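K.L.:
Anchor point for the sequence shown: position 418 equals 1537 in my numbering, and the numbering is continuous, going up by one each time.
Because the hints were derived from the structure by calculation, they are not lab data. Where hints are given, some of them may not hold.
Stated by the list, open to error - Listed next, the in silico DSS-like pairs over lysine-lysine satisfying Cα-Cα at most 30 Å (straight line):
1. K1427 / K1387
2. K1454 / K1508
3. K1305 / K1179
4. K1170 / K1503
5. K1135 / K1232
6. K1471 / K1456
7. K1427 / K1439
8. K1227 / K1198
9. K1220 / K1255
10. K1198 / K1143
11. K1168 / K1424
12. K1513 / K1503
13. K1424 / K1581
14. K1266 / K1277
15. K1534 / K1168
16. K1336 / K1168
17. K1412 / K1508
18. K1232 / K1277
19. K1513 / K1456
20. K1401 / K1305
21. K1179 / K1534
22. K1581 / K1506
23. K1513 / K1427
24. K1168 / K1198
25. K1448 / K1534
26. K1448 / K1509
27. K1427 / K1581
28. K1501 / K1401
29. K1511 / K1501
30. K1370 / K1454
31. K1501 / K1541
32. K1370 / K1419
33. K1581 / K1508
34. K1595 / K1573
35. K1168 / K1143
36. K1439 / K1135
Said to hold, decoys possible - Simulated restraints, written as ranges between beta carbons of each label pair:
37. P1147 / S1475: 36 to 46 Å
38. D1498 / E1164: 26 to 36 Å
39. D1217 / L1287: 15 to 25 Å
40. V1507 / F1431: 13 to 23 Å
Predicted model only: the values in this text are computed from it and were never measured. Yeah, the Cβ is synthetic: ideal placement off N, Cα and C, and Gly gets one too.
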Amino acid sequence: RPRDGINGSDVTRHMKYIEGVPLKLPKPLTLSLNGEIECWMGDFEEINKEKDIAGEDPYKNPRNYTAGCMGRDDPEENKNARLRICFYSITGFDSWSDYYKTEIERAKWANSKDGLNLQDSEGRGYFVQVRKHEFKHLEIMENYAKKLPYYTDGVILKINDLEQQIELGHTGDDLINPPRGALAWKFIEETAEAEVSRIEWNASRTGRVVPTALFDKPFVLADTSNNRATCNNYGWMESQGLGPGAKVRCKKGGKIIPNIMEVLVPVKNVGEPDVCPACHEKIEIFTSSSGNKDLICNNKNCPAKHVKGWVFYIQQIGGKGLGAAAMEKIMLGGKVKTIADLYSLDVFDLTKVGFSDRQATLALATIWQVPPGKESDNDKLKDKIEKVKKNKQKIDAPKFFKALGIPGAGETVGKNLVSHYKNFDSIRSANAQELESIVGVGPTTARSVADWFKENDNVVQKLLEHIELELPKSGKLNGQNFVL
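Required output: the full structure, derived from the provided sequences and hints.
P.N.:
Spelled out as structure tokens, the structure:
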């Protein structure tokens, strides 16, 4: 699902490996089926048992696991992923009124053999089971939801007549806005009481030093044991008396992320740090216009601030599997100060900061662009990585330029600069005035590029010790497009 309603990930290639997706419809119809991909709790437990046997860290929750499966490069990896789907609407179907006129009729038609036949071998429909209910039934459904084999946080109330739904339209002009013919009714969130053992402070990519409450005696929410919870901001902690020893009430937002709702028994000492946990420079208290207080690290060279850039670099050169959480672990190890230092890591460095041997090997494979494929033998994968280290990685020059993350300058600017200079060294040494004279490079971008290379040229030089840039080949047909 796209965050902005427009730009999403194409997961079509994964669909044939999900239980509930028909590979062929019983009728030659053109339409779109919209649904939710899910992993049921029992299946999720089995998956984590297999991870435990393999000596790997378990997945955190079914939602993150499912989203991760949809992001895999090879769809065949999802053959045994134990994913299911439940469809809830049909769109793009011009002749729908010939088959159904209400929500209930549509659901029956979609699941029936005379319709789309969206059902399993036992006749259970994969299109959501729509029922006609009264409001008094909501409490019954909320109590029953706890017995379901999957997580849910509410129900959707809809106008049954589909013509009326269309007539009601959306809350705004744009079709991505919520429809007026449907309403989400959320269940009361489950809560638990616990005593804070200590507060963990971590430097973030924005400079904020973020608090997390840790619990020696875990609390249970949504059938999972939790030993940590988010704490809002420092000012809220100070005003509420949230620190080691405080008794709190927690909830699990969306049944995924535990957070502290209220402090039941406060303490006097919040226990805030004096220095940044990442760079050990003195931190300051920042008060926003709304009165919120935050602890801020103003050291521009703090490695925590570069985590986002490191992740961006790896992703742009084609690496997958090293997200912000993994990079933050690496950063806390202290060995990586710049992007170039990623190439100096070994398995020992990563296991020292909490990676398992397998995770460390896969992380290095990502950095060195070694596709692990179905290689389950760690030693063989390590050998492949060592062989790749002996030669420089080949990366397209404009792509490398984009991966550097220069503010306001992406791959298009990189293409223009590489096309003009024909080498990378000239780009690195050019001043703003020279860059501005190139087609497609404005004054603001020119200054940004020149200033960035002036400040970070030593990092680029270190990167080029491991990378060979592929420059565009020159010739009579260079830059020409042909449509055949």
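K.L.:
Look at each hint and say if it fits the structure.
P.N.:
Here is how each hint holds up against the structure:
Our distance criterion of 30 Å between C-alpha atoms is broken by K1427 and K1387, whose separation comes to about 35 Å. Among the hinted pairs, K1454 with K1508 is consistent with the structure: their alpha-carbon atoms are about 19 Å apart, no more than 30 Å. With a C-alpha separation of about 23 Å, the suggested pair K1305 and K1179 falls inside the 30 Å cut-off, and the hint holds. With a C-alpha separation of about 24 Å, the suggested pair K1170 and K1503 falls inside the 30 Å cut-off, and the hint holds.
Among the hinted pairs, K1135 with K1232 is consistent with the structure: their alpha-carbon atoms are about 20 Å apart, no more than 30 Å. Between K1471 and K1456 the CA atoms are separated by roughly 17 Å; this keeps the pair inside 30 Å, and the hint holds. For the hint pairing K1427 with K1439, the CA-to-CA distance comes to about 14 Å; that is within 30 Å, so the pair holds. For the suggested pair K1227 and K1198, the alpha carbons sit about 29 Å apart, so the restraint of at most 30 Å is met.
The straight-line distance between the Cα atoms of K1220 and K1255 is roughly 26 Å, inside the 30 Å bound, and the hint therefore holds. Restraint check for K1198 and K1143: satisfied, since their Cα atoms lie roughly 18 Å apart, inside the 30 Å limit. Distance hint between K1168 and K1424 is unfulfilled; the C-alpha atoms sit about 36 Å from each other, more than 30 Å. Simply put, K1513 and K1503 have alpha-carbon atoms about 16 Å apart, close enough for the 30 Å limit, and the pair holds.
For the given pair, K1424 sits about 20 Å from K1581 by alpha-carbon distance, which is consistent with the 30 Å threshold. Of the pairs offered as hints, the one joining K1266 and K1277 holds, with about 23 Å between alpha carbons and a cut-off of 30 Å not exceeded. Taken as a hint, the K1534 and K1168 pair is broken in the structure, with Cα atoms around 48 Å apart against an allowance of 30 Å. For a cut-off of 30 Å, the pair hint linking K1336 to K1168 stands: about 23 Å separates their Cα positions.
As the CA atoms of K1412 and K1508 are separated by approximately 46 Å, the hinted pair breaks the 30 Å bound. With a CA separation close to 25 Å, the supplied pair K1232 and K1277 stays within the 30 Å bound. For the suggested pair K1513 and K1456, the alpha carbons sit about 23 Å apart, so the restraint of at most 30 Å is met. This hinted pair does not check out: K1401 and K1305 have alpha carbons roughly 44 Å apart, beyond 30 Å.
With a C-alpha separation of about 41 Å, the suggested pair K1179 and K1534 falls outside the 30 Å cut-off, and the hint is violated. Under the criterion of a C-alpha separation no larger than 30 Å, the hint pairing K1581 with K1506 is consistent with the structure, at around 20 Å. Our distance criterion of 30 Å between C-alpha atoms is met by K1513 and K1427, whose separation comes to about 23 Å. At roughly 18 Å between alpha-carbon atoms, K1168 and K1198 fall within 30 Å of each other, so this suggested pair holds.
For the hint pairing K1448 with K1534, the CA-to-CA distance comes to about 34 Å; that exceeds 30 Å, so the pair is violated. Our distance criterion of 30 Å between C-alpha atoms is met by K1448 and K1509, whose separation comes to about 27 Å. Proposed proximity of K1427 and K1581 is supported: the alpha carbons are some 19 Å apart, at most 30 Å. Between K1501 and K1401 the alpha-carbon distance is near 40 Å, which puts this suggested pair outside the 30 Å criterion.
With a CA separation close to 17 Å, the supplied pair K1511 and K1501 stays within the 30 Å bound. For the proposed pair K1370 and K1454, the alpha carbon gap of about 37 Å is over 30 Å, so the pair is violated. Proximity of K1501 to K1541 is assessed by CA-CA distance (about 36 Å); at most 30 Å being required, the pair is judged violated. The straight-line distance between the Cα atoms of K1370 and K1419 is roughly 35 Å, outside the 30 Å bound, and the hint therefore fails.
For the suggested pair K1581 and K1508, the alpha carbons sit about 14 Å apart, so the restraint of at most 30 Å is met. Using a Cα cut-off of 30 Å, the hinted pair K1595 and K1573 is violated, with the two alpha carbons roughly 35 Å apart. The hinted pair formed by K1168 and K1143 fails the criterion: a straight-line CA distance of about 34 Å is larger than 30 Å. Pair hint K1439 plus K1135 holds up; C-alpha atoms about 23 Å apart against a cutoff of 30 Å.
Separation of P1147 from S1475 is about 51 Å and departs from the stated range, judged on CB atoms against 36 to 46 Å. A beta carbon spacing of about 30 Å between D1498 and E1164 agrees with the range 26 to 36 Å that was offered as a hint. A hinted range of 15 to 25 Å for the beta carbons of D1217 and L1287 is consistent with their spacing of about 22 Å. Checking the proposed 13 to 23 Å range against V1507 and F1431 shows it holds: the Cβ atoms sit about 22 Å from each other.
Taken one by one, the earlier hints fail for this structure at numbers 1, 11, 15, 17, 20, 21, 25, 28, 30, 31, 32, 34, 35, 37, listed in ascending order.
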